[in-house]
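Please model the entire structure based on the sequences and the hints provided.
Those protein sequences? They're chains E and U, same order as listed.
Take the first sequence: its position 56, counted from the start at 1, is 56 in the numbering used here, and no numbers get skipped.
Take the second sequence: its position 1, counted from the start at 1, is 1 in the numbering used here, and no numbers get skipped.
None of these hints come from the bench; they were simulated from the model.
Owing to the predicted nature of the structure, the values given are computational and were not obtained by experimental measurement.
Watch out, some of these pointers could steer you wrong.
Pairs involving identical chains hold if they fit within one copy or between any two copies, as the list cannot separate such chains.
Said to hold, decoys possible - Keeping only pairs whose Cα atoms sit at most 20 Å apart, straight-line, the calculated EDC-like set for lysine to aspartate or glutamate is:
| # | residue 1 | residue 2 |
| --- | --- | --- |
| 1 | K174 | D39 |
| 2 | K87 | D49 |
| 3 | K22 | E179 |
| 4 | K174 | D31 |
| 5 | K247 | E109 |
| 6 | K22 | E209 |
| 7 | K137 | E109 |
| 8 | K189 | E116 |
| 9 | K137 | E209 |
Protein chains: 2
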Amino acid sequence: MTQAPTAAVLLIGNEVLSGRTKDKNLGFIADYLSALGIDLMEARVIADDENDIVAAVNALRARYTYVFSTGGIGPTHDDITADCMAKAFGVGISHHPEAVEILTAYFKEMGREANEARMRMARVPEGATLINNPVSKAPGFRIGNVFVMAGVPKIMQAMMDALAPQLVTGVVAKSITIEFQGGEGDVAKPLGAIQDLFPTVTIGSYPFESPQGFATNLVLRSRDAGELENAAQTVVTMAEGLRLDGKARGWKRL
Amino acid sequence: MTQAPTAAVLLIGNEVLSGRTKDKNLGFIADYLSALGIDLMEARVIADDENDIVAAVNALRARYTYVFSTGGIGPTHDDITADCMAKAFGVGISHHPEAVEILTAYFKEMGREANEARMRMARVPEGATLINNPVSKAPGFRIGNVFVMAGVPKIMQAMMDALAPQLVTGVVAKSITIEFQGGEGDVAKPLGAIQDLFPTVTIGSYPFESPQGFATNLVLRSRDAGELENAAQTVVTMAEGLRLDGKARGWKRL
Numbered sequence: 001m002t003q004a005p006t007a008a009v010l011l012i013g014n015e016v017l018s019g020r021t022k023d024k025n026l027g028f029i030a031d032y033l034s035a036l037g038i039d040l041m042e043a044r045v046i047a048d049d050e051n052d053i054v055a056a057v058n059a060l061r062a063r064y065t066y067v068f069s070t071g072g073i074g075p076t077h078d079d080i081t082a083d084c085m086a087k088a089f090g091v092g093i094s095h096h097p098e099a100v101e102i103l104t105a106y107f108k109e110m111g112r113e114a115n116e117a118r119m120r121m122a123r124v125p126e127g128a129t130l131i132n133n134p135v136s137k138a139p140g141f142r143i144g145n146v147f148v149m150a151g152v153p154k155i156m157q158a159m160m161d162a163l164a165p166q167l168v169t170g171v172v173a174k175s176i177t178i179e180f181q182g183g184e185g186d187v188a189k190p191l192g193a194i195q196d197l198f199p200t201v202t203i204g205s206y207p208f209e210s211p212q213g214f215a216t217n218l219v220l221r222s223r224d225a226g227e228l229e230n231a232a233q234t235v236v237t238m239a240e241g242l243r244l245d246g247k248a249r250g251w252k253r254l
Numbered sequence: 001m002t003q004a005p006t007a008a009v010l011l012i013g014n015e016v017l018s019g020r021t022k023d024k025n026l027g028f029i030a031d032y033l034s035a036l037g038i039d040l041m042e043a044r045v046i047a048d049d050e051n052d053i054v055a056a057v058n059a060l061r062a063r064y065t066y067v068f069s070t071g072g073i074g075p076t077h078d079d080i081t082a083d084c085m086a087k088a089f090g091v092g093i094s095h096h097p098e099a100v101e102i103l104t105a106y107f108k109e110m111g112r113e114a115n116e117a118r119m120r121m122a123r124v125p126e127g128a129t130l131i132n133n134p135v136s137k138a139p140g141f142r143i144g145n146v147f148v149m150a151g152v153p154k155i156m157q158a159m160m161d162a163l164a165p166q167l168v169t170g171v172v173a174k175s176i177t178i179e180f181q182g183g184e185g186d187v188a189k190p191l192g193a194i195q196d197l198f199p200t201v202t203i204g205s206y207p208f209e210s211p212q213g214f215a216t217n218l219v220l221r222s223r224d225a226g227e228l229e230n231a232a233q234t235v236v237t238m239a240e241g242l243r244l245d246g247k248a249r250g251w252k253r254l
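If you want it as structure tokens, here you go:
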């Protein structure tokens, strides 16, 4: 099996760190990449600070197949992402002719002045290609393996659709969830043994409180459907054994 | 004015990266720290991977006053946070007598076996102190400037309350939001000039679509109440000028 493509997400913006805005972009991108068989390995939330952005971009783009950033590409003084990307890649930044054309036409249509601040949104690092923005026209861009998107969820989501065809995808990991109706501490040891038996299956345990008492979702994930099913059967057999032992109220394959 | 304490959040867990779980912990911790006058500077989401956890902990604890981690302190094989913290600090790990006592009493009361997996939750790095868990007893811990908490939101939130008295707090930043009812591109240039006039006030612009058309929230934040109010008045004057110019439908101080 070839190695799956990997990715990191970089959320840029003071508003998430101050608590004012509750992020909705990470979950969306995580689901999106999972569906494409791309492994999201890491996410970072950082402030609108040039040094921090440049350092994070360079750390992440060196390590992963793709980096997806959100935020900081609007017309105001706190929108510094495009300049930071240029700095991270060591290239210049200038108005992209196609972006200028798109924005000029859009502002004309909207009866808005194509002023300097608005046209800043046409500036992209040298060598970057545009990412279409069907919502509010101001484009995102791709430079190297970094995709630079807006922070507004609706626009970011449209940009993901626009850029997706460029991505090398992987085999999609499938998952099976078994709800173990009992204490996580009772399932822990046999579950660890099952994990050792199935190294190509990642097994996680996510406890929760149900109306009937403590329970835990055992989530198995793998790109190998046969091994995934074998591991799930083994977990079910183990859970049934614990039920017969009186150590679980029951189990359910979700 | 003395420098405010700074912090980073480290969310540990594959389930957020796969998209299966939508994180709720970052927003809570961000609000909590803001209310204590502690500046959250960065957040990272990483997988249940020893090398990644150790590297992230060491990078963050060196840079910020505090680090708050969530996740990976349960009884199952994928709960490796305590061991990784010990490794990051270069210390051993062993069963903490007080944690053993708390857990033994709790499992006895609950009629559960104090088995090896469950008692793993009493293991903390040498030199760590416990963080009380009023929800499900298994404690978090503090080592150095790192606070290690559970990933389940209800438990994490109780742990924040338990550890908060240990934190050095700062002057709480106040914020004022002015809703500018017009295009962000029209407010951008004067807003940048106002930002330059008030270096102790951080001004952000967060566009949104209202039923009446495009609008943007201008959010001013500062620890200096006088400067904050001065900056807000200046923004209001500017917004009113744009309204009179026909470049805005209006504005509203929220």
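Checklist entry - How do K247 and E109 come out at 20 Å by Cα distance, when the copy is not named: within, between, both, or neither? => result between (68 Å within a copy, 16 Å between copies)
Item to check | Identical-chain pair category, K87 with D49, by Cα at 20 Å | outcome: For K87 and D49, the Cα distance is within 20 Å only inside one copy (13 Å; across copies 31 Å).
Item to check | Homomeric proximity label, K174 with D39: Cα distance no greater than 20 Å | outcome: within (12 Å within a copy, 39 Å between copies)
Next on the checklist: At most 20 Å between CA atoms: does that hold for K137 and E109 within a copy, between copies, both, or neither?
Outcome noted: Within. Shortest intra-copy distance 12 Å satisfies the 20 Å Cα cut-off; inter-copy 62 Å does not.
Next on the checklist: Checking an output row: K137 and E209, CA cutoff 20 Å. Within, between, both or neither?
Outcome noted: This pair counts as between: shortest inter-copy Cα distance 14 Å, intra-copy 46 Å.
Checklist entry - Is it within a copy, between copies, both, or neither that the alpha carbon of K22 lies no farther than 20 Å from that of E209? => result This pair counts as between: shortest inter-copy Cα distance 17 Å, intra-copy 25 Å.
Checklist entry - How would you label the pair K174, D31 (within, between, both, or neither) given a Cα cut-off of 20 Å? => result For K174 and D31, the Cα distance is within 20 Å only inside one copy (13 Å; across copies 35 Å).
Checklist entry - Is it within, between, both or neither when you check K22 against E179 at 20 Å Cα-Cα? => result between (29 Å within a copy, 19 Å between copies)
Item to check | Alpha-carbon proximity between K189 and E116, which holds within one copy, between copies, both or neither at 20 Å | outcome: between (63 Å within a copy, 8 Å between copies)
Violation of the numbered hints given earlier is absent; every hint is satisfied by the structure.
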